[in-house]
Structures are given as structure tokens and as C-alpha cells.
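Quick mapping for you: the protein sequence lines, in order, are chains E and U.
Quick note: the first sequence, position 84, residue 84 per UniProt numbering, numbers continuous.
Quick note: the second sequence, position 112, residue 112 per UniProt numbering, numbers continuous.
Honestly, the hints are just simulated from the structure, not real lab data.
Bear in mind that the values here come from a model prediction, so they are computed numbers and not experimental data.
Please note that a few of the clues may not be correct.
Unchecked claim - Calculated lysine-lysine pairs in the DSSO-like style (CA-CA distance at most 27 Å, straight line):
hint : chain 1 : residue 1 : chain 2 : residue 2
1    : E       : Lys94     : U       : Lys510
2    : U       : Lys510    : E       : Lys66
3    : E       : Lys112    : E       : Lys140
4    : E       : Lys139    : E       : Lys94
5    : E       : Lys70     : E       : Lys112
6    : E       : Lys139    : E       : Lys112
7    : U       : Lys510    : E       : Lys70
8    : E       : Lys66     : E       : Lys112
9    : E       : Lys70     : E       : Lys11
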Amino acid sequence: MSFYFAIVGTKDNPIYEAEFGTSKQGGDGVARFREEQRSMNQFIVHSSLDIVEEVQWATPTMLYMKCVDKFNNLQVSCFLTAGNIKFLLLHDQKADDAIRQFFTDVYDLYTKTLMNPFYEVDMRITSGVFDGKVKQAAKKYL
Amino acid sequence: MSSAFPSLRTRPTLPAGGVSRATSVYLRSSSNAPVHSSVTSLNSLFNQANLNSPRPPEDEDCKGLVCRSFVPCIAVHVADDTNELAREKGFADFKGMLRPYGESIQGRITIRDSQGISTTHDDYGVRFVSLADVADSGEKWESGTSRAINGSSEKAASDGSGVFQGGSVEEVEKLVNLHMERAEELNETSLPSDGDTPASNQSFYMLYLRRILSALPLSPHETFSHPVACVIAISSRNANPIDSLRNLYNSGNHLPLPDYLSTDYLRYYVLVHDEDRDDIKKSVGRFHFQSGGYIVEMKLMKSTQLFDQMKKHFGLHCHLLRLRSGGASVISDDDAVVVPKTQWISAAEELHEIRSRDYDDEQPAACLPDSDAAGIQTMVREMTQVSVIPFMERCIATWNDQVASRRRGISGRFISMSKRYFSTSSSRNSTSSSSNYDALHQSYPPSSPEAQMRKLADYAFMVRDWRLAHSVYELLRTDFNNDKAWKYHAGAQEMAAISLILTGTGLTSKVRADTIAPMLDLSCYSYLSRCSATYHALRCLLVAVELLRIRGGGAADEAATWAIRARDMNAQGTIGHALITERVGACYTIREGIGSGAWGARKRKAAMWKMLAAGEWLEVSKLAQSRRCLDAALPVYEGSRFMHVHGFMQHLKQQAGYTPLLADLQDGRRRRGGEDSDEEGVEIQSETLHAGLKRKSLIVGREVEREVENEAESGLDRFVDS
Numbered sequence: 001m002s003f004y005f006a007i008v009g010t011k012d013n014p015i016y017e018a019e020f021g022t023s024k025q026g027g028d029g030v031a032r033f034r035e036e037q038r039s040m041n042q043f044i045v046h047s048s049l050d051i052v053e054e055v056q057w058a059t060p061t062m063l064y065m066k067c068v069d070k071f072n073n074l075q076v077s078c079f080l081t082a083g084n085i086k087f088l089l090l091h092d093q094k095a096d097d098a099i100r101q102f103f104t105d106v107y108d109l110y111t112k113t114l115m116n117p118f119y120e121v122d123m124r125i126t127s128g129v130f131d132g133k134v135k136q137a138a139k140k141y142l
Numbered sequence: 001m002s003s004a005f006p007s008l009r010t011r012p013t014l015p016a017g018g019v020s021r022a023t024s025v026y027l028r029s030s031s032n033a034p035v036h037s038s039v040t041s042l043n044s045l046f047n048q049a050n051l052n053s054p055r056p057p058e059d060e061d062c063k064g065l066v067c068r069s070f071v072p073c074i075a076v077h078v079a080d081d082t083n084e085l086a087r088e089k090g091f092a093d094f095k096g097m098l099r100p101y102g103e104s105i106q107g108r109i110t111i112r113d114s115q116g117i118s119t120t121h122d123d124y125g126v127r128f129v130s131l132a133d134v135a136d137s138g139e140k141w142e143s144g145t146s147r148a149i150n151g152s153s154e155k156a157a158s159d160g161s162g163v164f165q166g167g168s169v170e171e172v173e174k175l176v177n178l179h180m181e182r183a184e185e186l187n188e189t190s191l192p193s194d195g196d197t198p199a200s201n202q203s204f205y206m207l208y209l210r211r212i213l214s215a216l217p218l219s220p221h222e223t224f225s226h227p228v229a230c231v232i233a234i235s236s237r238n239a240n241p242i243d244s245l246r247n248l249y250n251s252g253n254h255l256p257l258p259d260y261l262s263t264d265y266l267r268y269y270v271l272v273h274d275e276d277r278d279d280i281k282k283s284v285g286r287f288h289f290q291s292g293g294y295i296v297e298m299k300l301m302k303s304t305q306l307f308d309q310m311k312k313h314f315g316l317h318c319h320l321l322r323l324r325s326g327g328a329s330v331i332s333d334d335d336a337v338v339v340p341k342t343q344w345i346s347a348a349e350e351l352h353e354i355r356s357r358d359y360d361d362e363q364p365a366a367c368l369p370d371s372d373a374a375g376i377q378t379m380v381r382e383m384t385q386v387s388v389i390p391f392m393e394r395c396i397a398t399w400n401d402q403v404a405s406r407r408r409g410i411s412g413r414f415i416s417m418s419k420r421y422f423s424t425s426s427s428r429n430s431t432s433s434s435s436n437y438d439a440l441h442q443s444y445p446p447s448s449p450e451a452q453m454r455k456l457a458d459y460a461f462m463v464r465d466w467r468l469a470h471s472v473y474e475l476l477r478t479d480f481n482n483d484k485a486w487k488y489h490a491g492a493q494e495m496a497a498i499s500l501i502l503t504g505t506g507l508t509s510k511v512r513a514d515t516i517a518p519m520l521d522l523s524c525y526s527y528l529s530r531c532s533a534t535y536h537a538l539r540c541l542l543v544a545v546e547l548l549r550i551r552g553g554g555a556a557d558e559a560a561t562w563a564i565r566a567r568d569m570n571a572q573g574t575i576g577h578a579l580i581t582e583r584v585g586a587c588y589t590i591r592e593g594i595g596s597g598a599w600g601a602r603k604r605k606a607a608m609w610k611m612l613a614a615g616e617w618l619e620v621s622k623l624a625q626s627r628r629c630l631d632a633a634l635p636v637y638e639g640s641r642f643m644h645v646h647g648f649m650q651h652l653k654q655q656a657g658y659t660p661l662l663a664d665l666q667d668g669r670r671r672r673g674g675e676d677s678d679e680e681g682v683e684i685q686s687e688t689l690h691a692g693l694k695r696k697s698l699i700v701g702r703e704v705e706r707e708v709e710n711e712a713e714s715g716l717d718r719f720v721d722s
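Produce the complete structure using the sequences and hints provided.
Here it is, written out as C-alpha cells:
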């Protein structure tokens, strides 16, 4: 079970990306993607932005959008923040609740990042602390 | 009828560069206009859309293509002297002379459907096949089913029997490959012209689709290629006409046609009268000329008498075709017209034609004198409008009353229920006897109600009465399921789904999910796993994709899903695979969003699929196609900061030798890619991006990707460290 997580800003730019594997059931937390799969991940996530936008504007807004798109056997789940920042998670099995909790945790972390006066919206997140905390949340929930 | 289907208002979207290129052309041309040039240029931009004819151009008209591929098939069975006449004119045989004129009938055809409402169509056509070919191809089907359907019709061609059958995906692939290579050669030698890309955008895919739908193979489970009528022709040279007509009739009946073909088709008798015989002595002199004229008149009178006799015997279904005898006309003759090219020939035949044309180049285009061409066109038109269509309408009405309504009513339901009930509770033997299905030959005898209903549904489809066709296909589905006639079952499902989409009823997502999707799914499953008929499965999916794509909205998304499914089927070779991948992108492009932000558009998805297609084209080294896909995909990924995305696009661009449109906007013309212009192009685009990264990417080839990959990895590490 491998995951690819990306935070995408308002201009389709990636703010943060991470890969992890599952820590449950004896997984070691390391993502296992094949090489060509890695570049495809970014394409898949980028293309699912289309559907996210459609859902976002066509239906009453909700934060957690569950699975918005499928590609082969991979699914993309999305969480939309109040500032139109999208958290996208590429995964291959359904795990709605766990993913929702993970997203909520990351949302917390993101809001704290926003409160940093030196951080502007759409900037890349380069803080190691943020990275560490995200990986922790992943270990906890996914 | 056409209002249910919004025709494509615009061509498949060009990237932004392309559009601005168009405006720059218009601005230039209207600069001579009076002072308010901005207004006039805007007007000319808007007017351009109206200049397009209401009917979308040939290449883009997918629905028309589908409708025109399922048309009545008319067999041709003629006496030898008629073939002789045709050979003198430069055709292989009489059928070869008729065929090009049958494909698009001049003028409008009026059809009355089962409710009595008449509709006119101006794009109707029929297919002419020779009756002997029908017999031959039927045999081939019975002897080697999977062979004939899935592959080697090369065997047929090499036999020299001259029977070219459609239904082979490999042949189509070879043909499209050949065309692409030729086109690429042409492009290399000639200068690229401005604005030619939109037209050729999808033309290879259209060719692929058209060849898949041409020359539908003869099979028991669908009757599109079973003859609806038969043209029996003799010429006025014939010594004993009535006898030969009778002989032709009998021989036509006694040809070894396959069992499942019903022989009660319409017979249409044609008397070919040749105006002036060559053996009239070429002498100048009024007397001879007069007497020559007298002889001709005598001949015509004789023919007319004969024709009257025929009419008395055979009723309305006769025609007198007057042709000029004499050798083949050349294009330089006064009134010669070029015979139109046959569009709907099978891939095998076209390959054969191209190869033979390669061997002897000085084969001129076939021509006919003007009067002959007009005569043939009139004959085909009359035959269709006056004989064939009414015959089909009568058959539909008869079968509808006798067979189908019996099944539809309450008693019909009881009959089918009792069959099902008894067959489950009784032993195996009685099951097989209660159904009409002949499991050994995998066909129904043509007189059984199921076969007749399938014929009824197919006739309704061919006269474009979609509702009736759909209702009959629905009835047939359950029947075939109970009889475990899998190929028939798959065929009925496929046609039921297609006719439902064609009726033009609203396709809400519920309708699509509940009816169309399961039908298509089941049909594919049946074709693939139970019958191993990959050609039919591919055809089913591609037609569904086209029809759903035109509907737009959510249907376009579904079209993309089915196209992805067709792609995964692996029924086709690499070229077909790449074409279908590109088509997925085209399905998504159709979907333009609403509002200023184009919400609901599928630009990114379209770009991703086009990019995948570009990769596939590179693998089969078709660089021109790859460049075209990159044209469409690049603008979306222009400023993308996703590292891998960026690296991948760079890699593709280098592989394809791509020069971006943007850089040449000032020149107004595409430059062919050289290494320096490539770099220049890269420079222009990438100035705004990672400056540090780009310096390295000017180095050629593999290193680019490795560098980018390294940067990406170290980039991620940087997150952790800092």
C-alpha cells in the first residue's frame, strides 16, 4: 500500500509532496512505486484537479471530498481547504475514515504554517518540522 | 433528427498559440480594411464560425460515419456479357463499376418508418457486393471461424480468389501504418503549410475507424452484410435474353450460400443497353451514317421491347441502363468524368490496390463518359428509392406484425416464460429441441422467429428507425440469453446500446449507468471471453465511444472510460493503441466547461492523455504524430512546477525534435526542429522557471532526465534537512 501525497496551490503548483507506504500490518512505511509510476503519479494527480474543480463549484462545498477520480487501479482522494488549497492523496485501496483523519491533521499543520508571517500563500513548504509531522500523521493513520 | 445531436461547433481545440495564430492571420488580412480595423477584425473572427457549413466536415462527422457504415448490402449477379462490357470500360467487373456510385446516393432519400412518419436523408448509400463473393466468404467463415475473423485474410488474397473481407484488425493497422508513412514522407519533402494541422488532426483515426467499419464480415449473428436485394443484369448483346435471365435467377439460388443466409431477397433486373456498337463500320458518308443511325435505333427498339417484356414479367423492379459502349474513356475525353473513389472498401483490398499501384504507376484513374455516370447514378437512386427501401419497409411491417408483436403481447410473454420454465425443469435433450439454435453451426436457421427478428431489427437500423430497432433488440436479448447463443447475445446487446444512444433520448447519468453501461459491458465480455471475437468487441466499443463523445457532458467522460477499456483490450497493435489513446484525449477535449473559469472542463485530463499518446507515438517512431499530440498537451503543462512532469515533457520534446509554436509566432510558420532552435525554444519558455535547473537541461538527451531526477530527489531531501 503506497501513498503519494501532494498539496497543490491555487495555480496548479505543488506546495508540498511526499510519498509513504503503510505502517499498518507490518508495512515499513516506505513507498513502493516503480520508477515510471513515479512520474505518472504527478500526471494523475494533476489531471484529477479537473474533477476537483468541477465538484467544488458544482456542488455545495464540503471539505473532504472522498474519492474524486480513478486511474487504472489507483484512486485519488481530495480535501479542499477554505483557501482553495487542495490536499490530494493517491492510493490504491479504499480507506475513507483513516484518510479523513489524516487530512484533518495535515490541515491543522497547514494552518499553523499559514500563521507564519514569512510564509505566503502558494509558496513551497520547505520546513523540515512540517515534513516530520506529516510523516508522523501518516504513520498514525495510514 | 439532427437537432438532437449538437454538431461540433468548433474543431478540436487548438492550443492557445494556434488560436492566436489564427487571429494574427485575420488581423493581417483586414489591415486593408477601413479605419475601424479592430472592429472588422473581430467581426471576421466571429464570422469565420458561421462560414462553416452546418454539417460538420467529413472527417469530424462521427455520427454520420456510423450511420453510413450500416447500410443495405446489395448483391450483384450478372451474366458474362455484362461483365465483358464493364471490362471494356476498364473495370474489373460490373460490380466494380457500380460500387463507387452506390456509396453516396445523389439527392435525398425518403424513408417511411414504422409509425408512418417519413424522414429524408441526404447521406444515404448502399454497398454492392458480388453474390459469388458472398458465397465464398460465407464458406470461409464456416471452415475457419477465428481465422477469418481475427487474422489472416492474407490467405484469401494470396489465393487469388479475390475475396476481400473486412473484419481483421491487423489489416487495418497495416493500412494506417502505410498511410502514415506516406504522409510523413510527403511532409518531409514539402514545406509545412500554415493551418493544415486542424484538418489532419484526427484524420488518421477517422481512417482507422472507417476501415474497421468497412466491409463488415459475413456472419450469422448479424445481418448487415446479408444481401437485401440482388441485381440481376444482362446486356443487350445477349443472344437469348429471357433464357439467360432465368438461368441467372436459378444459378443465384443455387450458389452455395451459407445456411444462415435467407434467400428471399429482392431481385432487381437490369437490362444494360449499349448505345453504339464498335462493329459498326467506321465509314464516312451520309448514307452509312444514316443507316448506322438506323441500326442503332433498331437496337434501341429491340431493347425497349425486351425491357417491356421484362417489365410485364417482373413488375416494377426493372431498369434499363443505357451505356455507351466503346473502350475505356480517358480523362482527356470530352465528357469524361473521373469515377469517384470507393471509400468503404476493406483494408485488405485497399492494401492490395496500393501495392498493385506501386508496381505499375501508369495506371490512369478510371473514367466514364458523363452520360454513363449520370445513368448509373440514376439507376442506383431509383433502385434504392423505388424498390429497395419500400421492400425493406414492407418486410419490416410484415415481420413486425407477425413475429415481433406475437412476442411482445401477453401471450408472447407466456410463451417465453413457459419455454424458460420447461427448459429448466426438463432434461438436456428437450432443451435443445425446444430452441431453434443450432449449436453445432452456431446459427439459427433463417426461418426461425429469432433470426427473422434479428433481420427485422437490422433492417430497422438500416432505415434509421432507431426506436423500433431498439425495442426489437431488447426482445432478442433475453431470447438469446436463454438459448445460450452467445455471439448472438453479444451482438444484440451491442446493437441495443447503440440504437438507444442514436434515438437521441436524454442520457442522464442514471440511464447511462443502468442501461447502456451494463449492455456494453456484457457485450464486450461475451465477445471476448465466450466467442474470442476481438474484432467485434473492438468495433462495439469504438462505435459507442464515438456516439457518446458527441453527446458531450457526462457522456463524454463515459466515452473516455470506454475508450480506455478498448485500449486495455489489447486487441489492436501499437498504432491502433496510440490512436485510441489519442482519442481518449479528444473525448476529454470535447468537454468545455461553463463560466469564466471553464469549470468542469477536462483540460488537464485531455493533456495527460495526449501526452501519453505522444509517448506511444515515439515508441513506434511516428514523430509527426507525436509532435501533434505535444502541441495539444504542452500549454497545460507549461508552467508546471511538478518536477517529474516537467522532466518528462522535456524528455518527450527532445525525443520528438519538437519546436514550440510560440517561438515562431512572429514568422507565422513552423520551423523544423534543429538542435539550436530546440534549445532556443526551451530557453524562451523556461526563463521564468527554475533558472538553476534549466542551464543543465541544455545538454542533450539522457543526461537531462538524470539531472532532473537527481534534482528531484535532492529536492525532497532538502525538505527533510532544512
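Status of each hint after checking the structure:
Between Lys94 (chain E) and Lys510 (chain U) the alpha-carbon distance is near 24 Å, which keeps this suggested pair within the 27 Å criterion. For the hint linking Lys510 (chain U) to Lys66 (chain E), the alpha-carbon distance of about 21 Å falls within 27 Å, and the restraint holds. Between Lys112 (chain E) and Lys140 (chain E) the alpha-carbon distance is near 20 Å, which keeps this suggested pair within the 27 Å criterion. For a cut-off of 27 Å, the pair hint linking Lys139 (chain E) to Lys94 (chain E) stands: about 17 Å separates their Cα positions.
At most 27 Å may separate the alpha-carbon atoms for a hinted pair to count; Lys70 (chain E) and Lys112 (chain E) exceed this at roughly 31 Å. Pair hint Lys139 (chain E) plus Lys112 (chain E) holds up; C-alpha atoms about 20 Å apart against a cutoff of 27 Å. Using a Cα cut-off of 27 Å, the hinted pair Lys510 (chain U) and Lys70 (chain E) holds, with the two alpha carbons roughly 19 Å apart. Between Lys66 (chain E) and Lys112 (chain E), the direct Cα distance comes to roughly 24 Å. Compliance with the 27 Å bound is thereby established for this hinted pair.
Between Lys70 (chain E) and Lys11 (chain E), the direct Cα distance comes to roughly 22 Å. Compliance with the 27 Å bound is thereby established for this hinted pair.
Hint 5 from the earlier list is the only one contradicted by this structure; the remaining hints agree with it.
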